[in-house]
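J.: Spelled out from the first residue to the last, the chains are:
There are 2 protein chains.
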Amino acid sequence: MGTVNIKQLAKQLGLSISTVSRALNDSYDISPETRKKVLNLAKDLNYQPNPHASSLRRHQSKTIAVVVPEIANNFFALAINGIQSVAREKGYHVLIYVTNENDKIEEESLNHLQSGRVDGLLISVSNKTIIDDKLYKIKEQGIPLVFFDRVRDDFETAKVTTDDFDSGFKATEHLIHQGCKKIAYLQISKKLSIGMNRMKGYLEALKKYSLPEDKKLIIDCVDDREKNYGKIQALLQLKSPPDGIFASVEHLAITSYMVCRDLNLNIPKDVKIISFSNLETASLLNPSLTTITQPAFEIGKQAATLLLKALTKKGFVLANTKLVLPSDLIMRDSTAKP
Amino acid sequence: MGTVNIKQLAKQLGLSISTVSRALNDSYDISPETRKKVLNLAKDLNYQPNPHASSLRRHQSKTIAVVVPEIANNFFALAINGIQSVAREKGYHVLIYVTNENDKIEEESLNHLQSGRVDGLLISVSNKTIIDDKLYKIKEQGIPLVFFDRVRDDFETAKVTTDDFDSGFKATEHLIHQGCKKIAYLQISKKLSIGMNRMKGYLEALKKYSLPEDKKLIIDCVDDREKNYGKIQALLQLKSPPDGIFASVEHLAITSYMVCRDLNLNIPKDVKIISFSNLETASLLNPSLTTITQPAFEIGKQAATLLLKALTKKGFVLANTKLVLPSDLIMRDSTAKP
Numbered sequence: 001m002g003t004v005n006i007k008q009l010a011k012q013l014g015l016s017i018s019t020v021s022r023a024l025n026d027s028y029d030i031s032p033e034t035r036k037k038v039l040n041l042a043k044d045l046n047y048q049p050n051p052h053a054s055s056l057r058r059h060q061s062k063t064i065a066v067v068v069p070e071i072a073n074n075f076f077a078l079a080i081n082g083i084q085s086v087a088r089e090k091g092y093h094v095l096i097y098v099t100n101e102n103d104k105i106e107e108e109s110l111n112h113l114q115s116g117r118v119d120g121l122l123i124s125v126s127n128k129t130i131i132d133d134k135l136y137k138i139k140e141q142g143i144p145l146v147f148f149d150r151v152r153d154d155f156e157t158a159k160v161t162t163d164d165f166d167s168g169f170k171a172t173e174h175l176i177h178q179g180c181k182k183i184a185y186l187q188i189s190k191k192l193s194i195g196m197n198r199m200k201g202y203l204e205a206l207k208k209y210s211l212p213e214d215k216k217l218i219i220d221c222v223d224d225r226e227k228n229y230g231k232i233q234a235l236l237q238l239k240s241p242p243d244g245i246f247a248s249v250e251h252l253a254i255t256s257y258m259v260c261r262d263l264n265l266n267i268p269k270d271v272k273i274i275s276f277s278n279l280e281t282a283s284l285l286n287p288s289l290t291t292i293t294q295p296a297f298e299i300g301k302q303a304a305t306l307l308l309k310a311l312t313k314k315g316f317v318l319a320n321t322k323l324v325l326p327s328d329l330i331m332r333d334s335t336a337k338p
Numbered sequence: 001m002g003t004v005n006i007k008q009l010a011k012q013l014g015l016s017i018s019t020v021s022r023a024l025n026d027s028y029d030i031s032p033e034t035r036k037k038v039l040n041l042a043k044d045l046n047y048q049p050n051p052h053a054s055s056l057r058r059h060q061s062k063t064i065a066v067v068v069p070e071i072a073n074n075f076f077a078l079a080i081n082g083i084q085s086v087a088r089e090k091g092y093h094v095l096i097y098v099t100n101e102n103d104k105i106e107e108e109s110l111n112h113l114q115s116g117r118v119d120g121l122l123i124s125v126s127n128k129t130i131i132d133d134k135l136y137k138i139k140e141q142g143i144p145l146v147f148f149d150r151v152r153d154d155f156e157t158a159k160v161t162t163d164d165f166d167s168g169f170k171a172t173e174h175l176i177h178q179g180c181k182k183i184a185y186l187q188i189s190k191k192l193s194i195g196m197n198r199m200k201g202y203l204e205a206l207k208k209y210s211l212p213e214d215k216k217l218i219i220d221c222v223d224d225r226e227k228n229y230g231k232i233q234a235l236l237q238l239k240s241p242p243d244g245i246f247a248s249v250e251h252l253a254i255t256s257y258m259v260c261r262d263l264n265l266n267i268p269k270d271v272k273i274i275s276f277s278n279l280e281t282a283s284l285l286n287p288s289l290t291t292i293t294q295p296a297f298e299i300g301k302q303a304a305t306l307l308l309k310a311l312t313k314k315g316f317v318l319a320n321t322k323l324v325l326p327s328d329l330i331m332r333d334s335t336a337k338p
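Chains A and B, in that order, are what the protein sequence lines are.
Okay, so the first sequence: first residue is 1 according to this note's numbering, each after it adds one.
Okay, so the second sequence: first residue is 1 according to this note's numbering, each after it adds one.
In short, the hints are calculated from the structure, not lab data.
Treat each hint with caution, since some may be false.
Identical copies carry no separate label here, and so any pair may be met within one copy or between two of them.
No farther apart than 30 Å at their CA atoms in a straight line, the calculated lysine-lysine pairs in the DSS-like style are these [what the hints assert, rightly or not]:
1) K137 <-> K62
2) K269 <-> K337
3) K128 <-> K215
4) K104 <-> K313
5) K36 <-> K181
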């Protein structure tokens, strides 16, 4: 007996192929009644899904989308270069959407890239992201997606990141080795696993070296540079200010430099600074900035390679796995001993 | 007598509407025979084009494309933010294409954004651009386009730039006022009018202050940072090296800083440096960098405003005009007197 396919199910039910497909994939936008009707008939006719159909159906546009939270940031610029290098080799176009850390723009972008516009998606989520439902819909529509750098841990798909916990530990340990006893952590959104993992590394290092965890030294920063300036200024004007700062992202290090300059604090004498950063000018700053430097180009390249494999290799399914590339600690003058 | 429209012409000729439209618009991809057939029938039936039709026809996607040569560059990051701020207000999506100064990628991007994908185009050309034909085709297809920053002077459409000649003059005059007698100019591609206009300002200032024009001090830089490093190193190791450097773009100033550091040259004592730049860390460099700072956000905003007016206002046609926004000279330590 020949196998029944989606087209035949749709015809028999008087529904569109797309509706049947979404019902079979438990899509949220299908009513429970319709879903039940579809599933019942599928069972009656012994429908067997073609495991490759959904991942091979949409590859028409030869286009992938990259959704990033910001572009005035060397990490994302380099990651996009890595993505383009792979995409171009395989004849794919790259469309870039910038969300400016705005969850509304992020959602609009995800809406926009659907309906055949792109075959696959690479995304680094904004720090306010509330788009999990939207992402599941995209996945159900047969658009494979890969997270890079800023991932959603609980979302099942491939992720390419750096070793945030280990790097957070190494950065903090480095400050301790350089003589710091009171180390502040400048945190971005708690919604981002990268920030949380970096902080866990920081806390673990404090513990290992028997330094107390001090809530006043953990600063929740925001998207507003002026507000962050005020927060860091207040931190450095505490009665008992920190002698080390670990900035979890680049722009927090830049703002820390500005505050130190304006408060006439000497880096590294009064306070040492280390930061996650791919800043091209890190070695030219006054003083040069010690960085945890992510393999940004390589992260983009690996993420794009996985996505294109899912798009072009029959039978390749993106597993729920994490590819973790190590970052480098590059010591410069901002953490030098006197 | 009722007027005949494109649809009727197409039906009578047995051609597609798109072919007839392109024939009427003298598109390059229509054979001379077909064009002649279409034009003859149009004449016979007294066809009168609707002047707004071509500019209003395609506004379906509510999407505009932005084509930029690079993104690891604060100018373009800020300009894109300006573009997005306007687009979002009007309910338009923004797709970004990065060409990496590669004329092939640029051409592929322009091919890709056609066929209904976008309603309009904002472009800052690559330094190897050879895409004029392609851009004329896009214009003929009724996709309005606006140049920003890096324009093609001879292409008829709206352009938003900064005052490159005046800024080039001011930058050079500033170095002269600070005591420089031998000023080098670091030039990007000669194909770009911005580089040429900045250089004209430089030459004009030399002339005004009776300084000789010295070919050895005008360096043709390229896309390759290592090669530029070698060129700038050779420049600073001349028997009679320059005492001032005017970098026409940001990355040439960064490379100059690296060369000076490696040659143990003191900025500003041995050589003063000024650069076109929107670098966020300009004030934190060692020494802080004197910049000609373009109104990048505003350039993006104005360019997007013009484009969206062309897309949404009936009867508004993009004139062949240039909107010129002034840049600021921000003096810092890299050009200070001893």
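J.: All the hints need checking, so say for each whether the structure fits it.
T.: Here is how each hint holds up against the structure:
no.: 1; hint: K137 <-> K62; result: both (20 Å within a copy, 22 Å between copies)
no.: 2; hint: K269 <-> K337; result: both (8 Å within a copy, 28 Å between copies)
no.: 3; hint: K128 <-> K215; result: within (23 Å within a copy, 54 Å between copies)
no.: 4; hint: K104 <-> K313; result: between (34 Å within a copy, 27 Å between copies)
no.: 5; hint: K36 <-> K181; result: neither (62 Å within a copy, 84 Å between copies)
Against the hints set out earlier in the document, a violation occurs for number 5 only.
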